[in-house]
Amino acid sequence: MPFIPHTPDEQREMLATIGVDSIEALFEDIPKKFRAAELNLPEGLSEMEVRQKLEKTAAKNHTDLTSFLGAGFYDHYIPSAVDALCSRGEFYTAYTPYQAEASQGMLQAIFEYQTAVARLLDLQYANASLYDGGTALYEAIMMAVRHTKRSRIVISESLNPIYRVMLDSYTTNLKLDLVTVPHKDCHTDMEAMLAALNGDTAAVIVQNPNFFGTIQDFTALFDKARELGIVSIISTYPIMQAILKTPGRMGADIAVAEGQSLGLPLSFGGPYLGIMACNKQLIRQMPGRIAGRTVDKTGQTGFVLTLQAREQHIRREKATSNICSNQALCALRALMYMSLLGPKGLKKTAQTGIERAHYAANRLERLPGVRVINQPFGNEFTVRLPVRAYEVIDKLLDHKFVPGFPLGRYYEGMDNHLLVACTEKTTKQCIGIMAELIGGAL
Amino acid sequence: MKTIFQDSAKGRAGVWPKEPRGNTEADIPAHLLRSDPPRLPELSEIDVVRHFTRLSRLNYSVDSNFYPLGSCTMKYNPKFTEAVAAQPGFTSVHPLIPQLKGAGNMTQGALEVLYETEQLLGEITGMSAFTLQPMAGAHGELTGVMLMAAYHNDKGNKKTKIIVPDSAHGTNPASAAIAGYDVVSIASKDGMIDPDELEKVLDDEVAGLMMTCPNTLGLFECGLERIVKLIHGVDGLLYYDGANLNAIMGKMRVGDVGFDIVHLNLHKTFATPHGGGGPGSGPVGVSQRLVDYLPISRVVKLEDGQYFLDYDYPKSIGYIAPFYGNFGVILKAYAYILRLGREGIVRASENAVLAANYLRKRIEKHLEVPYDRICMHEFVASAARQAEKGVRALDIAKALLDKGHYAPTIYFPLIVKECLMFEPTETESKETLDGFVDDLIEILGRVESDAASIQNAPVTMPVQRLDEVRAARNMELVDDAGL
Amino acid sequence: MNTKALLYAKSHEWVKIEGDEAVVGISHFAQQQLGDLTFVELPQPGDQAVAGSEIGTVESVKAASEIYSPVSGEVTAVNTELENAPELVNKDAFGAGWLFKVKLSAAPAGLLDADAYAALCAAEAH
Chain A
1 MPFIPHTPDE
11 QREMLATIGV
21 DSIEALFEDI
31 PKKFRAAELN
41 LPEGLSEMEV
51 RQKLEKTAAK
61 NHTDLTSFLG
71 AGFYDHYIPS
81 AVDALCSRGE
91 FYTAYTPYQA
101 EASQGMLQAI
111 FEYQTAVARL
121 LDLQYANASL
131 YDGGTALYEA
141 IMMAVRHTKR
151 SRIVISESLN
161 PIYRVMLDSY
171 TTNLKLDLVT
181 VPHKDCHTDM
191 EAMLAALNGD
201 TAAVIVQNPN
211 FFGTIQDFTA
221 LFDKARELGI
231 VSIISTYPIM
241 QAILKTPGRM
251 GADIAVAEGQ
261 SLGLPLSFGG
271 PYLGIMACNK
281 QLIRQMPGRI
291 AGRTVDKTGQ
301 TGFVLTLQAR
311 EQHIRREKAT
321 SNICSNQALC
331 ALRALMYMSL
341 LGPKGLKKTA
351 QTGIERAHYA
361 ANRLERLPGV
371 RVINQPFGNE
381 FTVRLPVRAY
391 EVIDKLLDHK
401 FVPGFPLGRY
411 YEGMDNHLLV
421 ACTEKTTKQC
431 IGIMAELIGG
441 AL
Chain B
1001 MKTIFQDSAK
1011 GRAGVWPKEP
1021 RGNTEADIPA
1031 HLLRSDPPRL
1041 PELSEIDVVR
1051 HFTRLSRLNY
1061 SVDSNFYPLG
1071 SCTMKYNPKF
1081 TEAVAAQPGF
1091 TSVHPLIPQL
1101 KGAGNMTQGA
1111 LEVLYETEQL
1121 LGEITGMSAF
1131 TLQPMAGAHG
1141 ELTGVMLMAA
1151 YHNDKGNKKT
1161 KIIVPDSAHG
1171 TNPASAAIAG
1181 YDVVSIASKD
1191 GMIDPDELEK
1201 VLDDEVAGLM
1211 MTCPNTLGLF
1221 ECGLERIVKL
1231 IHGVDGLLYY
1241 DGANLNAIMG
1251 KMRVGDVGFD
1261 IVHLNLHKTF
1271 ATPHGGGGPG
1281 SGPVGVSQRL
1291 VDYLPISRVV
1301 KLEDGQYFLD
1311 YDYPKSIGYI
1321 APFYGNFGVI
1331 LKAYAYILRL
1341 GREGIVRASE
1351 NAVLAANYLR
1361 KRIEKHLEVP
1371 YDRICMHEFV
1381 ASAARQAEKG
1391 VRALDIAKAL
1401 LDKGHYAPTI
1411 YFPLIVKECL
1421 MFEPTETESK
1431 ETLDGFVDDL
1441 IEILGRVESD
1451 AASIQNAPVT
1461 MPVQRLDEVR
1471 AARNMELVDD
1481 AGL
Chain C
2001 MNTKALLYAK
2011 SHEWVKIEGD
2021 EAVVGISHFA
2031 QQQLGDLTFV
2041 ELPQPGDQAV
2051 AGSEIGTVES
2061 VKAASEIYSP
2071 VSGEVTAVNT
2081 ELENAPELVN
2091 KDAFGAGWLF
2101 KVKLSAAPAG
2111 LLDADAYAAL
2121 CAAEAH
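Residue numbers (our numbering), protein chains in the order written: chain A, 1 to 442; chain B, 1001 to 1483; chain C, 2001 to 2126.
Careful, some of the hints might be misleading.
[Claimed, not checked] Example chain C residues on the side facing chain B (calculated, C-beta under 7 angstroms, incomplete):
(1) D2036
(2) T2038
(3) V2061
Because the hints were derived from the structure by calculation, they are not lab data. Computed from a predicted structure; not experimentally measured. Ideal placement from N, C-alpha and C gives every residue a C-beta, glycine not left out.
Given the sequences, and given the hints that come with them, work out the whole structure.
Listed below in structure tokens is the structure:
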């Protein structure tokens, strides 16, 4: 049998030691009436057969598309060293570093990851990772609710709608009041947001760049929130954070992000990486693992999991979160990615995406009836077309082009709006073809 | 070892992306830009490679060491699953593609993987339908409890509490509480749920019971049949924590027994790597009466063999993940199940239980095994006797590290004093198990003669015992180098 | 401190009554059970303490435990030293490790004397 080392002789020896005469005898505790009949599963395949089968399955996915899809999930180049390093078995076949002395590699890496995230987002602390950007937002809300003992949450409609529907599901059974403030021409409506804050509000949530790609400054909003004792939460895009005003500088209390852009493939939706950083006052409300630096008996520096009294294995039903397994290997990839690019490489990556997106916006605006809605934007922007966006997408799919995401899917009255993303992988030539194809489809 | 920030030099860089051509910063007003670049690591590529290579060597892992960490099923992670999952045909697919009108045919391979995996897990567990969206076991638990709430709300049942045995994983009560339920804990008797105790706390407000079987002591719950009847008697739902499925695959299907909800840990039972703490995957299976409440989207197979994403489930609990779960992990588990097939799945459980009982029998002469009976895939021992001589479970765990073994889970479950929980899995050879026991015996032999050598362990690791109190008090959670 | 003169809650807090004011801490036995404390979360002056209700938390590396107020009334002072030195509770649970003071709104009720509390600890230690 694959992966089972025992020879028949060894099995017999082991059974003799146990004092039973068959493996079947080991399962006698399971009542006869509950015993399973033979499973209706296919026969096992050899390794070669499995690989051949799944090569065929993979080939059924179209990978020859030229895509301008983003919507919070971006196709960035991943340096080869990330895969080479991350695939070391010492990392990926270990588990949560419960025994610190035998897990210093992972613990130090978590500590370095926390540091890199805290520096990128300009806040004091970060945790070791959460599942994804959406669940990180949910956890941020719960931090704010515990901290303020209030239950009203003010959310900008320009927050990624994929996350907004997740928040709706997660809060169904909790006594929370989610208030969504409509966007204004793809911008977060600052006046309406300010007016929505009050003394019962636990948290205010915005995104930068927002779902439409618009970049804004939320300093004034967060100032007002602080006056009212409200926790300010901002969802960010890590690559853009290389150049954009930081959550810390704007006065955010918690910053979260989808970390996929930092060296993780799109991989049909996961595994991704929930990034979370917070300021000092909220550290004891933060969910998830946290590594800390300390010393051993001889005074030598080392790392341990710390502040564990917040966690489920100690607090049980009173824990800050139920999270146990996280996305450690994804966090490690993000750390490797940030380490390989450094501040300069990350900035260039951001700038190249911005440059391509502005080129694309220019090309598209030359088409009759096409207008770019938001300003300023980074590597993603919204255009209004003279026809329905999905019709244009449908026509371009025939040419193996995906020109963007149809905003009408989540926003009423925006059926003609298309969300277009570029990264450093997008070439000007492809942008030119895409613009011509859209021109032909109008 | 120095941190990567301590090793940085200003102006150095690893990977050099091309210079952008335009003056991009003119596109964004200055007040929206950050004033200083982030102080990320600045090293040449080779120094980044060396840094992480050196870090990796400081870890014990399944690839390098026996890892009998109870309740975590640290079995061998076959390498071919990595190769399968690394194919660009899977890694490069944007998750929004199948949601675009007209692009449904462009991700048929990925949707097939999801659909087929759901079918296989359904057959293995006897559940009616699965969602693969939960991204870890605890996430599956939360999803499961949300399904419970949706069921009871839909039926107009007034339910306020969930029963959790005191031997349960800490994630169980935490998940129940997060979903808005009160947690009622019941005490174990002889290591098992006592149906009489259960009956005492049972009333119409009980939404359900969360349990794992075999339980965290590695014992099969003898009162299972009565427990199922009792819970169903108050229209409660039975939740199965699948952390321990490796004990019963092919021997018992939890759906046949009457469980309504089960979460699996693909990173345990189905051999996907644990990644130093994740990513995992925690699919949730349900009985027929809960199918309508599963999260959306769901993958459906049409008569012509095409797959599509279906959102039309008005009773669904909604979205619990941005997309379809940890696809890369699901893919590895799918490849593993295809490799093992009908017979291999059963043999995995059989040999896991064989190994655990062999280890138990060999250890019981040296370490107290409080529940002296056939165990399933894992068992607990107690170092209470040794603790009287000053050698605690923690000390024994640390001494095992010096012998080149990772430690068993310690101090869990909470109901056994000085607890050590061993789970050898089916992939470890008899020689490995014997070597481990010999080393354990040698350590225990020193309790009388040289307790200090155990209390001071480990001495051969990169660091000795670390000051956790200092870590928690000082809260040095980020590096200040280079600031 | 004369620990014989104190009153005790079953949840291991001690109370020293001084006129209409009470000083509250956790017992030596409780700190022993928890181990080295790493964090103490206290109420704010002005908060209302309700006998038997949660009013704070003590944490060690491996455990966390709620503090239940043994008496009712307004919190008048808290031991701010503990913010940076939670170890004071370990070193001197009945003295420098006191937690908070309450201006009593009702006479304490349902508390144990030193002998009864010693018996409780002896029973729990087993």
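Checked hints:
1. D2036: Holds. Min distance 4 angstroms.
2. T2038: holds (4 angstroms)
3. V2061: holds (4 angstroms)
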